[in-house]
Amino acid sequence: MNNTKKPFRLSLGMMITCLMLVLAGCSTNAAGESNTSAANATALPTENDSKTLTIAYTWNPAGVDPHGDDSWDVMRSGAGETLIKLNEQLQPVAWLAKEWKQEDANTWTLKLERNVTFHDGKKMDAESVKASLLRSTQNSHLAKDLLLVKDIEVVAPDELKIITTQPNSAIISSLADPSTIILDVDSMKKAGSYPAMTGAFKIKQFTKDVSLVVERYDGYWGQAAKLKEVTMKFVTDGNTRLMALQAGEVEVATDIPIDSIELVEKDSKLEVLSAPSVRTHMVLFNMNSALFKEKANREVVDQAIPREAIIESVMRGYGTKAKSPFPEILPFGKVAEQAAGGTTEQLLSADGWQKNAAGMWEKEGKPFEATLLTFPHRPELSVMAEIIQNQLLNEGITVKIRKVENIDAELAKSDWDLAMYSMLTAHTGDPQYFLNIFYQSASESNISHYVSKPLETVINKLNESSDTAARNALAIEAQGIINEDLPQSFIVHPDNVFGVKKGVKGFIPHPIEYYYVTADVDIT
Amino acid sequence: MLRFWLERAMQMLLVIFCVATLTFILMRVSPGDPARILLTTHNIPASQEAIDALREEMGLTDSLWSQYIRWLGDVFTWQWGTSYMSKEPVAGELLKRLPATLELASAGAFVMLLATCLIGLVTAIFSTGLLDRMGRLMALLGASIPSFWLGFLLIYFFSVRLGWLPSMGRGSIAHLLMPAVTLGLGLGAVYARVLRTNMLEMNSQNFVKASRARGLSKGRILIFQVFKHAFLPILSMLGTSFAFMLGGNVIVETIFSWPGLGKYIIEAITARDYPVIQGYVVFTSFLFVAIHLAVEALYVRLDPRLRAS
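Just so you know, the sequences run in chain order A and B.
Be aware that the first sequence starts at 1, since it is given in my numbering, and climbs by one per residue.
Be aware that the second sequence starts at 525, since it is given in my numbering, and climbs by one per residue.
No lab work stands behind these hints, which were simulated from the structure alone.
Being a predicted model, the structure only gives us computed values, none of them experimental.
By construction, the Cβ of each residue, glycine as well, lies at the ideal position given by its N, Cα and C atoms.
Be aware that one or more of the hints could be misleading.
[Claimed, not checked] Derived contacts from chain B toward chain A, CB cut-off under 10 Å, selection only:
hint, residue
1, Leu563
2, Lys620
3, Ser668
4, Pro670
5, Ser671
[What the hints assert, rightly or not] Pairs of lysine-lysine residues, derived as DSS-like cross-links and limited to a Cα-Cα distance of at most 25 Å, are as follows:
hint, chain 1, residue 1, chain 2, residue 2
6, B, Lys752, A, Lys204
7, B, Lys742, A, Lys190
8, A, Lys204, B, Lys620
[Claimed, not checked] Covered stretches of chain A (in silico footprint by chain B; criterion: 3 or more residues with CB under 8 Å from a CB of chain B, positions within the stretch not fixed):
hint, segment
9, 133-145
10, 164-175
11, 268-277
12, 298-310
13, 458-464
14, 497-505
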């Protein structure tokens, strides 16, 4: 009898232990929560001082070092600032640097704002900016590639000189990249403290996987922030972000999934904010593929893409038709549309293709069959792939869609014909970096394996030119060559879409994806 | 007994060695260049020079053999390398997130246990009525409803429509309720059917008949004899499920933005953070083996026949 009672007590004990474990975990957290509430309660001295905003934020940064891989997240929090800012027309304007001048092909001088202090109270001067820029080029590969710094000299307490390894006319725009955020380098040496930057908000608390909390910096050199505190909650799932907004747990949700926009539009308490982006959704042609070595075949696919219908149905109107890698909001994005080279029949017949009894194109007994890669991280691309597949089937061409987990890894192999892809093409408002990395034949990022000597000549001229009008003209010329050769078909420039609670003011979506929180953001 | 535990410890070391080796091989044959992925986080193309420099920094230019030896050293010195994303030791990164996962898995296991016992008991007592049909339906739904769908359904009703519970994050019992139910309810409903069947079988056993003949009350027989014996086979299933919840509640953590290991590993896989993925696999295999050992030990204690053998 004893033997049978004992095991039962054990299993009962297991259940109780399980319950205790749960309650212990919860009670710890409940205590944590009440502490937070108490802290909030003490932070309510006046009505104006108590305004806070919570954002459901798409990404989950691993850290807050502005010169690491998460510099964009730091910039989005309103804590970091760069020497140059990009305005809504994506032109470089003064920020921490109030003016700049080109001395010769490789030398630029910049005058700094004088009354700027870091979040630790130290004054920002040319020495500290030099140290910060050198740190960013040492720690960030992107900053190193963008700035091409050979040396930085302090000319005066508020003036510094940047000498580049080669002519780099894009340097002013590049100084707007978040990887060049200015910080007090010494603050990074102190264990347990956050980076001291110059933004309207300073970092209050960063909890990995949970949130980044920034609070108003009272010593800010510009107009003081209207909000006391902003919390960016890291919510990677799009549906959860949307439901958190609908439930009123957050006031702003970034990157609303396209197919959920309608829900926000219908909700009387919410609104959709959007801005054109510098992102381009495109179809890549593998120039090494037996099928798409032929330009006629690329033209047939290009003409079959129903761009207007895709914007209307897939993008729900939140996007603009793409004619080239760069959107029209950029001064070098206004390119002429490529004239059609002929109908599918004309193009393929001239290239030796014939329609078989089933109405499908074939050449030397082989049907026109292509493989189109797509990937799950941007679901709208897969829908576009299906539309293109259907359009081409109507033209007598078979497209097999292959969904891959990692598109870049698959593209590195040679057994693909077509691929859906998406890139930020002018993330500093300048064409130089993208053209160099994406189209130079020696670049590993030239994923279409496209080689064009005339294009490379134009890009090299662009690299050496410092005159803005001439640079824009060269960028347009480069796009003319790209559109003529057609290594990619550009489909749409998608908008950046946010869902916000009505009453949120000053949250202005920007074409560049790294300006979210500013001193102007407010809530009523 | 000492020999029993020594054997188990050796088995555990062998399992970890095999898992560590297999994970290393699988990581290296899987597509994706971590250097390129890390540099193109924001969909900006990366220069060749930057890719090469980062590959060197990550140690990916070393021979596979020296990478493997370094990895084995990391495993058996309990370090597991440094994360490519955070530049911090993997062991620390995993241990930081373990309490959140442990909390959710324990709550999920509690819901599972509660559902198993409640539904199992009720449907066994009323084995031919409406309640039994409802129990069968619940088991069917539990087995067939995907957890992501149940999770979103709960968020929609309890957060968006009713505003009773927070839709995401960790912090209080209110935060824990929906993820725990999503995690535990489905399995609980399935195990309840197993418990019911076991209890009905036990009902016809001689020792139960004898108890009835001795005049013991129906409730006492049901709880202290039938339920107790019928529950024993479920114990090992619960152990496996708990280990599964610790290592595999990826979907639930992502839906509810729960800052645990599951959510972390998804991000690490996306970023091809080799040291984190490898460390996670070894860590969870260690948990699995440890939990299985604990269940085995408990089983031996509960069933005298096993102890004798």
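If you check each hint against the structure, which ones fail? 3, 4, 5, 6, 7, 10, 11, 12, 13 and 14
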